[in-house]
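Asks: Chains as they are written, first to last, in this note's numbering: chain L, 1 to 112; chain F, 1001 to 1109.
It should be emphasised that the hints constitute simulated quantities derived from the structure, not laboratory data. Just so you know, not all the hints are guaranteed correct.
Unchecked claim - List time: in silico DSSO-like cross-link candidates among lysine-lysine, alpha-carbon distance up to 30 Å:
(1) L/K18 with L/K69
(2) L/K71 with L/K57
(3) L/K69 with L/K57
(4) L/K57 with F/K1081
(5) L/K18 with L/K65
(6) L/K65 with F/K1101
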Amino acid sequence: EAQVTQNPRYLITVTGKKLTVTCSQNMNHEYMSWYRQDPGLGLRQIYYSMNVEVTDKGDVPEGYKVSRKEKRNFPLILESPSPNQTSLYFCASVGLSFDEQFFGPGTRLTVL
Amino acid sequence: GQSLEQPSEVTAVEGAIVQINCTYQTSGFYGLSWYQQHDGGAPTFLSYNALDGLEETGRFSSFLSRSDSYGYLLLQELQMKDSASYFCAVNYGNNRLAFGKGNQVVVIP
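My request is simple: use the sequences and hints to build the entire structure.
Replies: So, in structure tokens, the structure goes:
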């Protein structure tokens, strides 16, 4: 079954405590992305990756890092989280022709 | 920057047809996607139009006119389970997606 998994699903943390949200896909897709979703703003792209070791900034990259060491994994790293990073985060995996797109279940992050 | 406009909310009865429009202004254009999202859930991909015209997938169809920078999603034979938010997104190059804010569809009996 085609799947994108994210962990954790829920996280409450404090300002400045480094955290990583993992994302993994089993479809051998080249393209992966991270988004955040905030009320009234829709989905905004944080980072994207076109292949292993190829990553680039999206629209709201400040305060985030990513890595793509293997095709299946695309973790999102918050080195020093701040309250304005409280949000709902989605990882997505996309096939080359864009007619296959899958989102992970989401990670609800609260930074106190 | 990228700009996508969608109307905010639509209410319709079961069995009806609803059209959700999306107009866009982006720096590049490679295709238009549509997604469904239920409250608290992840977005579900519905369709992707790279070329002009209508594409039909079951009860849902999607249309694109690149010359008008416009597309729509057509939901037919509405069911209660179709109550959700629907949003469009433009692929403006290199896996860059710009999303609309979404359109809430409420289906009533």
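Asks: State for each hint whether it applies.
Replies: Hint check results:
Of the pairs offered as hints, the one joining L/K18 and L/K69 holds, with about 20 Å between alpha carbons and a cut-off of 30 Å not exceeded. As the CA atoms of L/K71 and L/K57 are separated by approximately 18 Å, the hinted pair is consistent with the 30 Å bound. Annotation: proposed proximity of L/K69 to L/K57 holds, straight-line Cα distance about 17 Å (limit 30 Å). For the suggested pair L/K57 and F/K1081, the alpha carbons sit about 36 Å apart, so the restraint of at most 30 Å is broken.
Only pairs whose Cα atoms come within 30 Å are accepted, and L/K18 paired with L/K65 is accepted, the gap being roughly 11 Å. Under the criterion of a C-alpha separation no larger than 30 Å, the hint pairing L/K65 with F/K1101 is consistent with the structure, at around 25 Å.
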